[in-house]
Structure formats: C-alpha cells, structure tokens
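Add chain Y to chain D, keeping to what the hints say.
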Amino acid sequence: MTDLLGNDLNLQYELLGPEIALVITAALVLFADAFRRELKIGQSAIPAISILGLVVALLLSLLWIDENKDFARLVTIDNFTTFFRVLFIAVTVVVIIGSHEYIERRVSHLGEFYSLLLLSTVGAMLMAGARDLLTAYLAIEVMSFSLYILVSLAKSDTRSGEASLKYVLLGGVASAMLLYGLSFLYGVGGSTQYTEIAAALSDGTSTLELPLLLGLALIIAGLGFKASAVPFHMWTPDAYEGAPIPITAYLSATSKAATFALLLRWFAGPLLPAIDSWQWMISVLAVLTMVIGNLVALQQSNIKRLLAYSSIGQVGFMLMAIVTISDQTGSALLLHLSGYIITNLAVFMGVIAFYNRTGREEIVAFRGLAQTNPYLALVITAGLFSLAGMPLLAGFLTKFILFQSVVSGGYTWLVVTALLASTVSLYYYLQVIRQMYMYQPEGDASRWRLSPTGYLATGAMLVGVVWVGVYAAPFYTAADRAIAPLFT
Amino acid sequence: MVTLFLLLPLAGALLALFLPRERELDARWIALLFSGLAFAVSIVIFVTFDPDQNGYQFVDQFTWINPSGAGFEVQYFVGVDGLSAPMVLLLGLLSVVAVLVSFNIDERVKEYFAYLLLLETAVAGVFLSLDLIQFFLFWELELLPMYMLISIWGSGRNRYSAMKFLIYTLAGSAFMLVGFLVIGVDAGTFEISALTEMPPQDALIPLSLVFWAIMIAFLVKLPVFPVHTWLPDAHTDAPTAVSVMLAGVLLKMGGYGILRIALPILPEQAHDFRFVLAAIAGFSVLYGAVITLQQRDLKRLIAYSSVSHMGYVLLGIAALGAVGLSGAALQMFTHGTITGLLFVMVGLIYERTHTRDITSMSGLMHRMPLIGTVMLIAGLASLGLPGLSGFVAELTIFLGAFDAHPAATIAGIFGVVLAAGYILWMVQRIFHGPADEKWADLKDANCWWEHVAMGSLVVVIVAIGIFPGIITDSIESGIAPIAQIFEANL
Numbered sequence: 001m002t003d004l005l006g007n008d009l010n011l012q013y014e015l016l017g018p019e020i021a022l023v024i025t026a027a028l029v030l031f032a033d034a035f036r037r038e039l040k041i042g043q044s045a046i047p048a049i050s051i052l053g054l055v056v057a058l059l060l061s062l063l064w065i066d067e068n069k070d071f072a073r074l075v076t077i078d079n080f081t082t083f084f085r086v087l088f089i090a091v092t093v094v095v096i097i098g099s100h101e102y103i104e105r106r107v108s109h110l111g112e113f114y115s116l117l118l119l120s121t122v123g124a125m126l127m128a129g130a131r132d133l134l135t136a137y138l139a140i141e142v143m144s145f146s147l148y149i150l151v152s153l154a155k156s157d158t159r160s161g162e163a164s165l166k167y168v169l170l171g172g173v174a175s176a177m178l179l180y181g182l183s184f185l186y187g188v189g190g191s192t193q194y195t196e197i198a199a200a201l202s203d204g205t206s207t208l209e210l211p212l213l214l215g216l217a218l219i220i221a222g223l224g225f226k227a228s229a230v231p232f233h234m235w236t237p238d239a240y241e242g243a244p245i246p247i248t249a250y251l252s253a254t255s256k257a258a259t260f261a262l263l264l265r266w267f268a269g270p271l272l273p274a275i276d277s278w279q280w281m282i283s284v285l286a287v288l289t290m291v292i293g294n295l296v297a298l299q300q301s302n303i304k305r306l307l308a309y310s311s312i313g314q315v316g317f318m319l320m321a322i323v324t325i326s327d328q329t330g331s332a333l334l335l336h337l338s339g340y341i342i343t344n345l346a347v348f349m350g351v352i353a354f355y356n357r358t359g360r361e362e363i364v365a366f367r368g369l370a371q372t373n374p375y376l377a378l379v380i381t382a383g384l385f386s387l388a389g390m391p392l393l394a395g396f397l398t399k400f401i402l403f404q405s406v407v408s409g410g411y412t413w414l415v416v417t418a419l420l421a422s423t424v425s426l427y428y429y430l431q432v433i434r435q436m437y438m439y440q441p442e443g444d445a446s447r448w449r450l451s452p453t454g455y456l457a458t459g460a461m462l463v464g465v466v467w468v469g470v471y472a473a474p475f476y477t478a479a480d481r482a483i484a485p486l487f488t
Numbered sequence: 489m490v491t492l493f494l495l496l497p498l499a500g501a502l503l504a505l506f507l508p509r510e511r512e513l514d515a516r517w518i519a520l521l522f523s524g525l526a527f528a529v530s531i532v533i534f535v536t537f538d539p540d541q542n543g544y545q546f547v548d549q550f551t552w553i554n555p556s557g558a559g560f561e562v563q564y565f566v567g568v569d570g571l572s573a574p575m576v577l578l579l580g581l582l583s584v585v586a587v588l589v590s591f592n593i594d595e596r597v598k599e600y601f602a603y604l605l606l607l608e609t610a611v612a613g614v615f616l617s618l619d620l621i622q623f624f625l626f627w628e629l630e631l632l633p634m635y636m637l638i639s640i641w642g643s644g645r646n647r648y649s650a651m652k653f654l655i656y657t658l659a660g661s662a663f664m665l666v667g668f669l670v671i672g673v674d675a676g677t678f679e680i681s682a683l684t685e686m687p688p689q690d691a692l693i694p695l696s697l698v699f700w701a702i703m704i705a706f707l708v709k710l711p712v713f714p715v716h717t718w719l720p721d722a723h724t725d726a727p728t729a730v731s732v733m734l735a736g737v738l739l740k741m742g743g744y745g746i747l748r749i750a751l752p753i754l755p756e757q758a759h760d761f762r763f764v765l766a767a768i769a770g771f772s773v774l775y776g777a778v779i780t781l782q783q784r785d786l787k788r789l790i791a792y793s794s795v796s797h798m799g800y801v802l803l804g805i806a807a808l809g810a811v812g813l814s815g816a817a818l819q820m821f822t823h824g825t826i827t828g829l830l831f832v833m834v835g836l837i838y839e840r841t842h843t844r845d846i847t848s849m850s851g852l853m854h855r856m857p858l859i860g861t862v863m864l865i866a867g868l869a870s871l872g873l874p875g876l877s878g879f880v881a882e883l884t885i886f887l888g889a890f891d892a893h894p895a896a897t898i899a900g901i902f903g904v905v906l907a908a909g910y911i912l913w914m915v916q917r918i919f920h921g922p923a924d925e926k927w928a929d930l931k932d933a934n935c936w937w938e939h940v941a942m943g944s945l946v947v948v949i950v951a952i953g954i955f956p957g958i959i960t961d962s963i964e965s966g967i968a969p970i971a972q973i974f975e976a977n978l
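Respectively, the protein sequence lines represent chains D and Y.
For the first sequence, counting from 1, position 396 maps to 396 in the numbering used here; every step adds exactly one.
For the second sequence, counting from 1, position 149 maps to 637 in the numbering used here; every step adds exactly one.
The following block holds chain D by itself, in its conformation from the complex (with noise of 0.2 Å):
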C-alpha cells in the first residue's frame, strides 16, 4: 500500500502489538468494572485484569529486539522504542501493585481510573516511537488527556479537583504553544517526517532562520512545560500536591520520561543541524531548573510538595545532557532516567503506604517512622538518598555517568552548577530522614505493617535501587543499545 505521495507504507499491525493490547485491556477494565455485580467479580478483579493486560504488551515489546521497522512512517519500532514501552510497561505495573489498596479507598471510578492509568501509558509509549510531528502530538494529547483526569479523582480531596483543572488549562496553553511551534517546523521543513525535516535543515539551504527560532523557542517552551523546567514548572507543585498519591508517581515517572524520549528523538534527529540554535536555549533552561527547583525544595513541608520540586531539580540534571547531545550524553541519560524513575517510585511507594496507614503527607508525620516501621523508614531513606546521589544508590551511579559525560561534552560549568544543586538537595532530603531517625514518634508508637503487595513494591524498588547503584552493567548495555538507533 502507498500514501498520497507515492511512498510504501509497511502496514504491520503486530508491530504495534503491546499498543493494543494495552487498549484491548483498557476497554475490557471499563466493561468488567461496568458489570461487576453481573459478572460476579471483586474489586481486586480489575487491578488484576490491568496486571495481565500489561505483562502481554510487556512480552509483545520483547518480540521486537534489535528490530529496526516502521509502521506507515508513523511510529518506529526499533531498540529506542522497546527500551520506553517496556520501561512505561514496569512503571505501571508497579505503580498498580504498589497502589491498588490506596485506590480502591480513596480514588472514585476505580474502572475510568485503570483504564485511563492503561491509555495513558499508551500514550507515552507511542511519544517514544513516533516518527512523525502530528503523531508525536496525538501521543502527547492521549497521555495528557488521560493525566488531567487521572489527577482529578483523589476522593473528596478539593485540592484535586484545582490541581486539575489548574493542570489543564496550562496544559491546553502549552499545547497549543507546542503546535504552533510545530507548525513553524513544518513550514521551515516541508515536511512532518522526521526524517525529511532532518534533510530540510541540514542542507544548509534554508534561509527561513527566525522561523526556525521561533519554532524552536515554542517547541522548547511546549516540552519545557510538559518536562515541568523552570520557569514552566508553575502547574507542578498543585498537580502533585493535589492528584491522588499513584498519580503523582507516575506523573513524576512516566510523564516525565516520555517526555524526555521525545525531545531526544527530535533533538537527536531531525533537529540536530540547527544545534547552534537551540543549545544555549536548552542550557539556560538547565540551570534555571536545577537551581530553582532545588532552592524552591528547602521550603517545602508537604512530602508531595517537596518531591515535586525535587524531581523538578532532576529534570534540570537531565537537560544537561540534551544540551550536549549524543550517543555518549543519550545513553547516559538513558541510565540516568530509568535510575531516577526506580529510586522516585521507591520513595512514592513508600509515602503511598505510609499514607495508607497515617492518611497524613506532611513532613512532620514522619516522625518516629525508624521506630514505627524500621523497614519503611529504610525504603524511604535509600530512596531520598539515592535521589540526592549517595555512593552505593542508583542515583549516585547514573548521576556519575550523566556528568561525567556531560564533563567530556565540554560543558563543565553545567556540571559544577549541577553538584552544588545536587549539594542543596542532600538538605531538604535530610529534613525528612531526620524526622524519621532522630524523632520519637507522636500518639500511636507500636510497630505496623505494610500489607503484602505493599512489601512487594516497596522491596522491589529497594532492591532496584541498590542493584543499579552497585552493578549497574545490564542497565548500561541496555542503554547503549536502545540509544543506537537515534545515532546512526
């Protein structure tokens, strides 16, 4: 089959397998969750159904290993992709494992919540394997979407209800300055491909240089608000703070990384010729975000508050490596990013089953945890310390990896502004290990537990989090083969 213009197009549905079986999944949580009664199955029933759904798509994504195919010059399907889909795929998983309890007490619409948690994953996914503007942006829209819901369900919480509707409307704004800026691409371009817009400019003879920058600024400024980097960081703070506790995860995992899978893609590819463009716009907004976001973190007293701007800090870190791109920074980034979402989802899972048992996400709450529950306030701590790049934790290791390679891209000043940030942050992380360590509890001072699937997500997280800080060898040769293909 061809398309208007005369092009072959590859029509291979099973390429895009582990998308739809995610969407199979979707429609078949809403309809279970729909007749519950009828069909006779419990709550736990449709967590359940999400699980399976995921580890199909997970052992679809697997099929295609060192594949390099497209599906119609829409999405491609090479290692880049399967390395995002089966990172969103474990982020989910854990997210629902680790959560379930939380969300059948305190989420209404447990069938909308699942289903949309699925499509939203989707979504990110198919940011990753896009190759095409307009595709890339349906796949923003459809994990947007699914997360200005998703943010507004916290049960009798008015706090969610602002966060999302705060959420939507800078995101509808954003979005629109994002299609703008697309739309200025394609003018300079001629073309939505990637590719195409990749030979457009580095011919070299294109005289359509304030478009481009225009484009580029807008474009910047669209994603910027997505990867939440100061200054577009506004809507990130009462997003966390008000979304229910999984959602706030997986905004800070998910939401964030498939971001970052598309700007590597498109400033990898096709807008790599115009570097000299967009490089010092991307550094400046680096070190706005790593310093701002970890300055604004000292005050903080709510723990969902504080971990939103610490991760707002961790975007910072990571644009760092988009400003001196290539295989080296990518993969890197590549290994920083799944550290940073394994040690974030240790800490959320922890908060999560805290909160489970407290009901409270103030800082102060923590008080006494070391004495209360000696293994949570140890998940929490490896957690908050890996975040703050403690030898032996994954933060430690990827962080060493990103600036070492961002160092040997010349740009040492970023990486010193990146330590002494990274030297704040060690601060307000401490506040919290504080309360838990040096503290007597308050009221109730007998031992608890977490429930079973409590202790499964917050230990795997824990191991997880040591495994990439001590060996952390699977996890960079998984790196450098998904980042290959960007640089070939």
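Hint data in this document are derived by calculation from the structure and do not stem from the laboratory.
Mixed in with the good hints there might be a few duds.
To be verified - Chain D residues, not near chain Y, derived (Cβ > 10 Å throughout): (1) D3; (2) V23; (3) S183; (4) F385; (5) A460.
Claimed, not checked - Stretch-level coverage of chain Y by chain D, calculated; a stretch enters the list once three of its residues show a Cβ under 8 Å from a Cβ in chain D: (6) 635 to 645; (7) 649 to 662.
On a predicted model such as this, the values are computed, not experimentally measured, just so you know.
Heads up, the beta-carbon is just placed ideally off N, CA and C, and yes, glycines get one too.
Frame of chain D; chain Y shown alone:
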C-alpha cells in the same frame, strides 16, 4: 586480605542490625568482635607488609563500571603501600578503642554500633582505594554514619553541628568530584597509579583550578583555617567514641588525600602553590593554638588543638621533600593516637563530672589518679615531649620544612610553645589545686574496657616515642615515590 579488612566491619554492622530487640546489648560484643577481627587483620597487613618492595601490596582488583563507548572505566581497586599501611593500623586500633568507650551506650544500641562499624568500613575504603571514583564513593559514604552518630547520640546543639559537618564536607567534595571528572575524562582512566605516572598536562579547565577544586575538599577535612569552623562544633556535640574516630582517623583522610592524590597527580601545581599552602599551614598552627588558649570547654580545647596540630601536617606537606612529607605522614599517625587518647580521657572525665567546663573542675587528681596520669601522658605527648610520639613527628616536620619555608616553620615552632601553655594550664586547672568537695564521690577508671582503651593507646604512644622505626620504615617507603616526583622534576 585488604578486602577482608574492608568487609569485616560491614558484616558486623549488618549482624548487629538484625539482633532481636531483647538482646540488643549483645550488639556491643558483636561490634567488639568484628572491630577486633579487623584490627587483627590490620596488624597482619602491617607486619607482613614489605617496605622494600615497590608498588602496592595485597592488591584486589576488578573492573566495576565499564560503559562501552564512554571511554573510561571505574575499578574496584584496593591495596596498601607504605603510606596507607600505618593508616590502616591506626584505623583498626582506634575502631576497637571507639567500640570500647561506647560500652555504656544505652540508647538505640543496635543502630549505634551498626553506624560505628559502617563508619570504619567507609574510612577503610578511603585509605585503601586506588581508584579516584572508588575513593570518592567511600569519602561520601563516611558522611552518613557520622551525621547519624552526631545527631542522634550527640549532646548540646547536636543536630546543628551534624548538619554543619555535613554541609562543609559535601560542599568540599562536590568540587573534588568536578576535579576528578576533569582529570579522568582527560586521561581516560581514574586509576591513581596510572595518573601518577602520567600527570595530566592539559584539561578542559586550567589545571591550577583543578588542583584547588581537589584541595578544598581535603583542606576542609584536615581542617585548616579558614574552613575549620565545623570541627569544634562537631567535636563538642559528638559522643566520645565519635570524637575519637573524628580526631583519630577522619581528619587524616584530608592529609592522606593530599599525599595520595593531590601531590602525585598534580605535582607542578602543588609546587606552584607551595608558599600558599605553607602560609595557610603556619597561620593555622598559630591561630589554632591562640584560640585553644582561650577555651573553657574541655572538649572544645582539644578540638581547637587539633586545628593547630593538623596545621603541622600541611606544613610538612608544603615542604614537598622526603623529610617533610614523612613527617606529615608520621604526624597524622601520632596525632591520631594522641588526640584519640585525649578524647577518650575527656569522655571518661565527662561521664563522671557531667561537665566539660574547665573552671568548675579542680583537684581531680585526688579522686581519679589513673585518669589524671593518663591525661598527663597524653597531654605531654601532644605538646611534643621528647620520648613520646608527638615529638618525633613534629621534629621531622620542622627539619623537613625549615629550608623551604623558614617563616612558616618558625611560626610552627612557636606553636609548640603555645601548645605547652594550653596543655599544661589545662592539666593544672583540672587535676591540680585544692580538692573540691563537690567531686568527693567521683570514681577513678574502674571498668575493664576503660583500662584496655587507655592502655593500648598509651603503649603505642610510648613505643613510637622510643622506637619510631616501627612506623617510619613503612612511611618512608610510601613517601619515597612521591618525594621522587618532586626531586626529579622540579
């Protein structure tokens, strides 16, 4: 062998952590057993170490991080040479002492000893690492147990002091990591010996900046004026055992880092800035001594005297010759034992009197003659009395530094006079004078662990004072290659 030394305390820490609650006090015995075993291993390492042989001994090595295409690798690479062998011995000894003086800890015992043993592993890692990144890793790892120990089991403004300690060290080590990265990226390796053989000639940023980026971390740790202010606070508020470890081995990480990394890898820059280093050193000695004279808090007094004494280490280093460098390394070892002993004694006194205010104590010699005598021995060693270990080290430093930096050396010698002043005056105010009635029911050191802790350190101090050869042979063999770099090229 050295890996065993590294892992024994860690194993002890894990074991202590998993003790059931009702047998919490057994953590003391676990800690004593494992630190004792580690001490035994360190003795074996030190005794079987062959000073006539070049290079590292007891090496364990494998590639740890090796991302393909990134053009560098990080190794797990440990071993000892003449420089680190005495440090390992010192660490083994002081860890046992630290465990012994903690025997009466009764709050959160399991965690306390777990952190103490973790601290030993971290510091051991610093002394044994032969790869820059591995070195940095252990350098950072040491912060965690230290922070916890000071802020949970400390007294006074313990949380403030712990945080201050943390911020100072972290700020320093952030610069150190930048320096390491720049050097490593340029050379494509982080192995210290490889970098020593081929010092970097050119890098992304001027090498003199790299030198100071690395030095700042070590100078903070040493510490010298003006980055010393965390030390008195940390010492004052830390529990006794932590003070012992802090003064005894943690400060040595700074001097060790300069000798192991800063000088051999960046010799030209060290040579260019030797006068700056000497000036800092001379001023630190005098400044530390003058401030010490004014202290009324016993622990603060010893803490400030450390600032003065660590100035000698830097002075010896700034001389950049075989004699001065050996003196610096020897001073690190002797200061570790002497100040370690002083802090043990301060802890014992504080446990009995519950005050550290010098002016409120008087005539304690009547009540506790043993503690008084040992304190006097430690004090005399600290002020450099011939026949005790402090004298040997300081004399070597002055001999080595006088030609290169006469002014700073004279300042240093004057510091010894001030040291005699503050030590003797302190002993006089606390132990002599009329016996105060309110101290009538104080007991002398009466537990076996107190005797062992004091006795072992006194033996070492006297032994080195009489026969320094037991330690200097090893040190000289470790210093020789470093001194050669400076004698050959500059």
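Results for each hint:
1. The Cβ of D/D3 sits about 37 Å from the closest Cβ of chain Y, beyond the 10 Å cut-off, so the non-interface label holds.
2. The beta carbon of D/V23 sits about 36 Å from the closest Cβ of chain Y, which is more than 10 Å, so the claim that it is off the interface holds.
3. The non-interface label for D/S183 is consistent with chain Y: the shortest C-beta to C-beta separation is roughly 37 Å, beyond 10 Å.
4. Under the 10 Å C-beta cut-off, the non-interface status given to D/F385 relative to chain Y is violated; the minimum distance is some 7 Å.
5. Its beta-carbon lying about 21 Å from the closest one in chain Y, D/A460 satisfies the requirement of being farther than 10 Å from that chain.
6. Counting residues of the region 635 to 645 of chain Y whose beta carbon lies closer than 8 Å to any beta carbon of chain D gives 4, which meets the minimum of three for the stated coverage.
7. Judged by the Cβ-Cβ criterion of 8 Å, the region 649 to 662 of chain Y is covered by chain D as claimed, because 6 of its residues qualify and three suffice.
When the structure is compared with the earlier hints, a violation turns up for hint 4 alone.
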